[in-house]
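There are 2 protein chains.
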Amino acid sequence: MTKVAFQGEIGAFSEDAAIKFFGVIEPLPSRSFADAFESVSRGAADFGVVPIENSQAGSINDTYDLLLKYDLNICGEIVLPVNQCLMAPEGETPETIKYVYSHPQALTQCEEYLRKLNATIMPTYDTAGSAKLVKEKGLRHSAAVASRRAAQIYGLKLLAENIQTNPSNYTKFVVISRQKAGRAANSKTSIVFATKNMPGTLYASLGAFATRGINLTKLESRPSRQKPWEYVFYADFEGHVEDKPCLAALETLRGTTKFIKILGSYPRATES
Amino acid sequence: MTKVAFQGEIGAFSEDAAIKFFGVIEPLPSRSFADAFESVSRGAADFGVVPIENSQAGSINDTYDLLLKYDLNICGEIVLPVNQCLMAPEGETPETIKYVYSHPQALTQCEEYLRKLNATIMPTYDTAGSAKLVKEKGLRHSAAVASRRAAQIYGLKLLAENIQTNPSNYTKFVVISRQKAGRAANSKTSIVFATKNMPGTLYASLGAFATRGINLTKLESRPSRQKPWEYVFYADFEGHVEDKPCLAALETLRGTTKFIKILGSYPRATES
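If you read the sequences in order, they're chains E and Y.
Residues in the first sequence are numbered consecutively from 1, following the working numbering.
Residues in the second sequence are numbered consecutively from 1, following the working numbering.
The following block holds chain E by itself, in its conformation from the complex:
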């Protein structure tokens, strides 16, 4: 069975994404994103599934940094609608809840709903882990915000569904692998590069794509981690790295950049 590493406990949203992509999987829950990358890197898992962007909150910085650090390939992407659920042991109702446990990002997504509950917010490192905690410690007047599947797994009652403030909230995940994905009809490519210096060269760098009619679907700057206020750029464009126009664009790009790393070419998720 395909062994897939992801951050969080069994029942994590990342596991939902992995199941959507692979069907049945052998899950490898991991303490951190870095641990998931490490497992794929040293062969303890066949693939990793990590969140890369939320349609509300934006890019997940840790994932971008790890994509730069590890020598792995993005070989797929998955888009999942966010469905945050409030869950608690049998006997509790929304009115009896005084403490709500979850990951800060999930808590932020549900801020309006939680404010009405008037409960104390208890930030943790993990959504599914919060469900597990509430169940295993037998916490009273306590609920977790996590996935529908986490409620089933940990035997908690669903008190409310889709409690995130913005109903059209999606998270994008990437599948990471030691192998590269082949060409497909709807390929996209993710790269990271550093320009020689900022003013004209970023413009020139984008010109490598614009003048060839290659659609850039994302561009994001991140601190370089080498020197304060120096940046690297993460870009997504349409096409496979082996397509001729893309090869030519990357060749041009090498002239205006200090380094380029191709993170992977992979089939675009239909929802993205």
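Fair warning: there could be bad hints in the mix.
Copies of the same chain look alike in the list, so a pair counts if it works inside one copy or between any two.
As the list claims (entries may be wrong) - Listed next, the in silico DSBU-like pairs over lysine-lysine satisfying Cα-Cα at most 35 Å (straight line): (1) K98 <-> K69; (2) K244 <-> K116; (3) K261 <-> K116; (4) K116 <-> K69; (5) K3 <-> K137; (6) K98 <-> K135; (7) K244 <-> K135.
Everything labelled a hint here was simulated from the structure, so no lab data went into it.
Given the structure of chain E, go ahead and fit chain Y onto it with the hints provided.
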């Protein structure tokens, strides 16, 4: 006295930044970034000071979203070296600490040091608030990660200084105001814009600056919050919005964008 709103308790890093910028201030601690913006907006504070970027972790997304939402002006920036300190009540030593309280971002910055401590990580919403909590609740075997000044304010003993993994770690803050800053020798300008659509128009948009020799010092995409996978771009460039080349560039930019908002022109911090 100048009344300055910031997120966090007295002793917050943002208050350090405000003191560096204004000298003596009347502090207005606020529960959230949004509360700080709200206080400035309705005149309860003269200014707000909020973090916008960390040299390691990158942009602080909430601040960018609030700059777009509120009709306020950036009128200054402050760069502060990060000095994370471990602090605890008298009698504790690094060896006796079993629980460490702080904001997840501070905890992440100090990951290597904290791993060696072998203590349980207790995420909270605030660094200075964690110092206050440890002191006021008289928690045993517990420490907080916060600023040097927070240790003094809450009467905790410094167990270690500069415990962040990367020693050259800086945070950039912006000063927000209902008023605009006048022209200065070293002005920079922050804007946010949405392109008409992504492929060629972002390239054309940057051309408005590149062809006039205007130095772009930052470019960052963020989800638009209107529609999944649509983006707005935050850009910083050198010069004041009333400088002739900048006026001309913005005029050109209007041709390739759906909207532009000028967040402010202000003197550049010397360290940035």
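Tested hints:
1. K98 <-> K69: Between copies only: 31 Å across, 42 Å inside.
2. K244 <-> K116: neither (55 Å within a copy, 50 Å between copies)
3. K261 <-> K116: between (47 Å within a copy, 33 Å between copies)
4. K116 <-> K69: Between copies only: 23 Å across chains, 42 Å inside a chain, cut-off 35 Å.
5. K3 <-> K137: Within. Shortest intra-copy distance 30 Å satisfies the 35 Å Cα cut-off; inter-copy 45 Å does not.
6. K98 <-> K135: both (15 Å within a copy, 24 Å between copies)
7. K244 <-> K135: neither (55 Å within a copy, 64 Å between copies)
In this structure, the hints that do not hold are numbers 2, 7, in rising order.
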